[in-house]
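Q: Construct the complete structure from the given sequences, taking the supplied hints into account.
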Amino acid sequence: MDLNLTEEQQMIQDAARRFAESELAPVAEQLDQTKDRNILTAHCKQLAELGFMGLNIDAQYGGTDAGAVAFSIAVTEIARACASTAVTMSVTNMVAEVIQVVGSEEQKQHYLPKICSGEYLSGSFCLTEAGAGSDPAAMRTKAVKTENGWAISGTKQWITSAEFAGVYVVWAVTNPDARKGKGITCFLVPADAAGITVGPAEKKMGQHGSATNEVHFDQCEVPDSAILGKLNDGFRIAVAELAGGRIGIGSLALGVGLAAMEYAIAYTRERQQFGKPIADFQGLQWMIADRMTELEAARLLLMSAADRKQRGMSFAKEASMAKLFASEKANQACYTALQLLGGYGYMQEYPLERMSRDVRITSIYEGTSEIQRVIIAREILQAAG
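Using full-length UniProt numbering, the final residue of the sequence shown is 385, and nothing's skipped along the way.
These are calculated hints, taken from the structure and not from any lab test.
All figures in this text were calculated on a predicted structure; none of them were measured in a lab.
Take these hints with a grain of salt, some might be off.
[Unchecked claim] Pairs of lysine-lysine, BS3-like flavour, derived with a Cα cap of 27 Å:
id, residue 1, residue 2
1, Lys142, Lys180
2, Lys45, Lys204
3, Lys182, Lys145
4, Lys203, Lys45
5, Lys35, Lys45
6, Lys230, Lys142
7, Lys230, Lys317
8, Lys114, Lys230
9, Lys35, Lys203
10, Lys114, Lys35
11, Lys142, Lys108
12, Lys317, Lys182
13, Lys114, Lys45
14, Lys108, Lys145
15, Lys182, Lys108
16, Lys108, Lys45
[Said to hold, decoys possible] Derived DEER-like restraints, expressed as beta-carbon distance ranges:
id, residue 1, residue 2, range
17, Ala42, Arg378, 38 to 48 Å
18, Val101, Ala384, 21 to 31 Å
19, Thr155, Glu296, 35 to 45 Å
20, Val374, Gln332, 18 to 28 Å
21, Met11, Glu296, 21 to 31 Å
22, Ala201, Gly385, 42 to 52 Å
23, Lys230, Arg140, 13 to 23 Å
24, Thr146, Leu300, 45 to 55 Å
25, Asn38, Met11, 25 to 35 Å
Glycine residues also receive a C-beta, built at the ideal position from the N, C-alpha and C atoms.
A: See the structure below:
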């Protein structure tokens, strides 16, 4: 088993790291404090120029065609500097991928070059609702057949990048009489379509720089050609694409956890107490050893899931395992890193306070840790039966 990166993957990692260190890290605190969308949208354009908004998209549509492993590596490097930028990048890649996987040739030709090039600053994944979070099949947004296509009505909640997205991937009930989850259809809706209202940015605990909005659809008319995939097959599409999204969020969590621990390790080598660097104390060394071992294990789980996806193998269980482990261990890493800094870690002058807020959501969005355990257990039990 060769665990080394390919030359292309190494180049992408190096490019992502250089960009993160030179462009993102210097303004990450400012973005967190001011929530200045101009900073974030500028980052989106730069990421598109680097080819990072279509890492797993075929070159004929403007993508980089570098694969799922390269995507995971790049998200981790971006997240080391700025989680808000990383989640925007991850979701936009997920939108592009679902269009490539199930879209018609016309849809691919129309949307993918705009996403990959940065003409669309981002795409948005409109699945979650107030009453349909961990249970997306309970959604109430509906699409009613009209003479010219479909009229979508309903409200989606906590939608990343909604306020500046170029296209929305929207799930709606098209057959209310079907069994739960069987009458849902996926639509591609341009952001400038009539009948769409984007709410103000949510006030969040962390990842302040990323836009998170409510999106309301009021008789939003779209043609039949807006259907993504097959009619009433939307729930299956959502489940499949969320598995890929979990690799992205797990990779993001890993990046934040690594950045936090690296900062704390450097601090312990400089901080003097009792006449020597606190890194010399065994108790702190064990804290560092445990967290870095866990983060390395998370990295390997993510690489395994991404590699299986890249090879066309089943990867839902592996993606859930990786997301579960990476997000929970990254949260622990940020807690430990802040603890290693003591009182300084609690101050906004130091980045650990921001990282601890940013990482918290990773065990919630793209499926909570509890839902990941449900998926993992279901896959294991089905295989055993």
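Q: Hint by hint, say whether it matches the structure.
A: Now the hints, each set against the structure:
{"no.": "1", "hint": "Lys142 <-> Lys180", "in the structure": "13 Å, holds"}
{"no.": "2", "hint": "Lys45 <-> Lys204", "in the structure": "24 Å, holds"}
{"no.": "3", "hint": "Lys182 <-> Lys145", "in the structure": "17 Å, holds"}
{"no.": "4", "hint": "Lys203 <-> Lys45", "in the structure": "25 Å, holds"}
{"no.": "5", "hint": "Lys35 <-> Lys45", "in the structure": "17 Å, holds"}
{"no.": "6", "hint": "Lys230 <-> Lys142", "in the structure": "16 Å, holds"}
{"no.": "7", "hint": "Lys230 <-> Lys317", "in the structure": "25 Å, holds"}
{"no.": "8", "hint": "Lys114 <-> Lys230", "in the structure": "23 Å, holds"}
{"no.": "9", "hint": "Lys35 <-> Lys203", "in the structure": "10 Å, holds"}
{"no.": "10", "hint": "Lys114 <-> Lys35", "in the structure": "25 Å, holds"}
{"no.": "11", "hint": "Lys142 <-> Lys108", "in the structure": "25 Å, holds"}
{"no.": "12", "hint": "Lys317 <-> Lys182", "in the structure": "22 Å, holds"}
{"no.": "13", "hint": "Lys114 <-> Lys45", "in the structure": "11 Å, holds"}
{"no.": "14", "hint": "Lys108 <-> Lys145", "in the structure": "24 Å, holds"}
{"no.": "15", "hint": "Lys182 <-> Lys108", "in the structure": "25 Å, holds"}
{"no.": "16", "hint": "Lys108 <-> Lys45", "in the structure": "20 Å, holds"}
{"no.": "17", "hint": "Ala42 <-> Arg378: 38 to 48 Å", "in the structure": "42 Å, holds"}
{"no.": "18", "hint": "Val101 <-> Ala384: 21 to 31 Å", "in the structure": "29 Å, holds"}
{"no.": "19", "hint": "Thr155 <-> Glu296: 35 to 45 Å", "in the structure": "42 Å, holds"}
{"no.": "20", "hint": "Val374 <-> Gln332: 18 to 28 Å", "in the structure": "22 Å, holds"}
{"no.": "21", "hint": "Met11 <-> Glu296: 21 to 31 Å", "in the structure": "22 Å, holds"}
{"no.": "22", "hint": "Ala201 <-> Gly385: 42 to 52 Å", "in the structure": "46 Å, holds"}
{"no.": "23", "hint": "Lys230 <-> Arg140: 13 to 23 Å", "in the structure": "22 Å, holds"}
{"no.": "24", "hint": "Thr146 <-> Leu300: 45 to 55 Å", "in the structure": "50 Å, holds"}
{"no.": "25", "hint": "Asn38 <-> Met11: 25 to 35 Å", "in the structure": "29 Å, holds"}
The earlier numbered hints are all upheld by this structure, with none contradicted.
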